[in-house]
Amino acid sequence: MTQYGKLVFVDLETTGANTAIDHITEIGVVEVDQGVVRRWSTLVNPGIPIPPFIQNLTGISDDMVRDAPPFAALAEELFGRLQGGLFIAHNARFDHGFLRKAFKQTGHALPGEVLCTVKLSRALFPDEPKHNLDALITRHELVADGRHRALADADLLWQLWNRFTTTIPVDTFSAAVRHQLKRPMLPPHLAPDLLDNLPENGGVYLFHGANDEVIYVGKGSNLRQRISSHFNPDRRIRAETELADLVHRIDWQEISGDVGQLLAETRLMKSFKPHHNRTVRKQTELCSWQLARSETGGIEPRLVMASDVDFSRTHGLYGLFGTRRKAEAQLRAIADTQALCLVCLGLESRTGIDSGCIAHTSGRCRGACVGLESPIVHQARLETALAKIKIKPWPYAGAAGLVETGADGRVQVHVAQHWRYLGTAQSDDEIWSILESTASLPRFDLEVYKILLRFFTNGVMPVRPLSAG
Numbered sequence: 001m002t003q004y005g006k007l008v009f010v011d012l013e014t015t016g017a018n019t020a021i022d023h024i025t026e027i028g029v030v031e032v033d034q035g036v037v038r039r040w041s042t043l044v045n046p047g048i049p050i051p052p053f054i055q056n057l058t059g060i061s062d063d064m065v066r067d068a069p070p071f072a073a074l075a076e077e078l079f080g081r082l083q084g085g086l087f088i089a090h091n092a093r094f095d096h097g098f099l100r101k102a103f104k105q106t107g108h109a110l111p112g113e114v115l116c117t118v119k120l121s122r123a124l125f126p127d128e129p130k131h132n133l134d135a136l137i138t139r140h141e142l143v144a145d146g147r148h149r150a151l152a153d154a155d156l157l158w159q160l161w162n163r164f165t166t167t168i169p170v171d172t173f174s175a176a177v178r179h180q181l182k183r184p185m186l187p188p189h190l191a192p193d194l195l196d197n198l199p200e201n202g203g204v205y206l207f208h209g210a211n212d213e214v215i216y217v218g219k220g221s222n223l224r225q226r227i228s229s230h231f232n233p234d235r236r237i238r239a240e241t242e243l244a245d246l247v248h249r250i251d252w253q254e255i256s257g258d259v260g261q262l263l264a265e266t267r268l269m270k271s272f273k274p275h276h277n278r279t280v281r282k283q284t285e286l287c288s289w290q291l292a293r294s295e296t297g298g299i300e301p302r303l304v305m306a307s308d309v310d311f312s313r314t315h316g317l318y319g320l321f322g323t324r325r326k327a328e329a330q331l332r333a334i335a336d337t338q339a340l341c342l343v344c345l346g347l348e349s350r351t352g353i354d355s356g357c358i359a360h361t362s363g364r365c366r367g368a369c370v371g372l373e374s375p376i377v378h379q380a381r382l383e384t385a386l387a388k389i390k391i392k393p394w395p396y397a398g399a400a401g402l403v404e405t406g407a408d409g410r411v412q413v414h415v416a417q418h419w420r421y422l423g424t425a426q427s428d429d430e431i432w433s434i435l436e437s438t439a440s441l442p443r444f445d446l447e448v449y450k451i452l453l454r455f456f457t458n459g460v461m462p463v464r465p466l467s468a469g
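Each residue of the sequence shown is one higher than the one before, starting from 1 at the first, in the working numbering.
Hints listed in this document are in silico derivations from the structure and should not be mistaken for laboratory results.
What you are looking at is a predicted structure, and each value in this text was computed from that prediction instead of being measured.
Be careful, since some hints might not be right.
Under the rule of at most 25 Å between Cα atoms (straight-line distance), these lysine-lysine pairs were calculated in the BS3-like manner [claimed, not checked]:
1. 273 <-> 182
2. 182 <-> 101
3. 273 <-> 390
4. 390 <-> 326
5. 270 <-> 326
6. 273 <-> 326
Have a look at the derived ranges for each label pair, beta carbon to beta carbon [unchecked claim]:
7. 37 <-> 59: 19 to 27 Å
8. 152 <-> 430: 46 to 54 Å
9. 127 <-> 211: 51 to 59 Å
For every residue, glycine included, the Cβ atom is placed at its ideal position computed from N, Cα and C.
Model the full assembly from the supplied sequences, consistent with the hints where possible.
In structure tokens:
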């Protein structure tokens with residue numbers, strides 16, 4: 001036990017499970033240092049009402065916390081108790097997350113390493129189906145002196161630790177603890193406590209290299225976990241190892257919501273073009289297939305360029321391609337699958353007046369090129385085959401806003417017009433400011449189009465029409 005130094009078993013009671021809106025109502029701490037055990041607990045005034053369900057669960061009422069000190073008044077003492085110790089909690093992400101947020105508001109950075117007894121129990125007893133505290137009390141015959149009160153639950157964790165260390169082989173237990181405490185290996189250019197200061201909220205991040213150039217852009221629903229994963233020696237492949245060793249500085253921006261993160265990541269990638277991002281695509285002029293009347297009066301696909309046609313307003317466009325070669329490859333693949341004629345599609349020239357296409361000679365064309373299939377039938381089959389890649393025109397008269405509510409409850413409106421992303425707002429004033437400052441629409445972008453198309457049309461988030469024009 002002494003090999004782990006000071007141990008701090010922690011349990012919190014809160015007004016709910018959401019760190020964005022809920023607050024701490026009680027703190028229980030059991031410190032174990034050099035054989036000395038110290039117990040400490042206090043009620044905390046959360047500053048908001050405690051829901052009836054939580055009052056019934058914990059037994060902590062609004063009356064009990066009314067005269068209790070706020071967290072700010074307790075922060076210094078609690079910080080001292082935690083400092084230098086191994087933070088141990090059941091479902092540690094919950095307790096550590098609430099404390100980290102509360103300490104951030106008082107100007108403290110929550111110190112030390114974190115051990116979760118849920119994860120530890122799963123590692124030690126992988127065949128057991130349940131690892132909640134009630135299940136562990138029964139399985140390990142712990143003595144519960146009142147459940148769902150902070151100090152009582154913290155004391156249960158101390159009992160659990162003692163049971164583990166006395167009944168499980170030392171090597172097995174130590175290996176399970178070491179595996180969970182394995183810290184990411186940061187390069188020497190980064191501060192050792194950098195990861196501790198990262199938020200657990202979602203957002204985007206940038207890795208800067210030796211000359212402060214941006215070498216990588218990423219996003220994640222939990223910035224601390226996502227950034228830490230780059231430096232985890234167990235998960236790093238060669239390319240990630242090379243990237244991690246080049247990082248001299250990390251910037252991040254907290255963004256609530258998947259759409260906001262995707263749009264921000266796309267914008268940053270196109271702005272900095274970091275060479276360690278495999279998905280960065282050089283922006284080329286896009287092209288698309290459009291069905292047009294041929295010289296013989298039939299219908300054939302013709303390639304049109306974004307510089308000549310507004311892809312967001314024009315109907316009857318099929319597919320978005322970065323090069324003519326990719327566009328023709330897609331059309332050839334469709335023709336091969338649907339037995340369409342390459343001559344009729346303009347992808348092959350006749351070798352003679354009555355000759356058919358090469359595909360017809362091998363049985364991969366139904367003969368539109370030699371009169372065995374009528375032009376009308378061939379055209380209908382072509383339109384049916386192309387329908388899967390048809391570009392959807394912008395469905396609104398003018399600008400529209402995609403209303404996204406993030407995990408923290410904050411509402412953002414992503415403003416777009418004709419599949420162009422204009423900006424993100426958090427108020428009506430910001431929306432109108434974005435619209436008024438947009439003198440001309442930005443360039444049509446394939447990646448932005450894919451993001452907006454997915455979320456504007458899947459019906460998951462409300463869409464708010466903003467203007468006509």
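Going through the hints against the structure:
For the hint pairing residue 273 with residue 182, the CA-to-CA distance comes to about 33 Å; that exceeds 25 Å, so the pair is violated. For the given pair, residue 182 sits about 23 Å from residue 101 by alpha-carbon distance, which is consistent with the 25 Å threshold. Taking the CA atoms of residue 273 and residue 390, the gap is near 29 Å; set against the 25 Å cutoff, the hint is violated. Between the alpha carbons of residue 390 and residue 326 the distance comes to roughly 16 Å, so the proposed pair stays at or under 25 Å and holds.
Note on residue 270 and residue 326: the hinted pairing holds, with a Cα-Cα distance of about 21 Å set against a maximum of 25 Å. For a cut-off of 25 Å, the pair hint linking residue 273 to residue 326 stands: about 22 Å separates their Cα positions. Between residue 37 and residue 59 the Cβ separation comes to about 25 Å, which falls inside the hinted range of 19 to 27 Å. Separated by about 48 Å at the C-beta atoms, residue 152 and residue 430 satisfy the suggested range of 46 to 54 Å.
Distance hint for residue 127 and residue 211: a CB-CB separation of about 53 Å, consistent with the stated range 51 to 59 Å.
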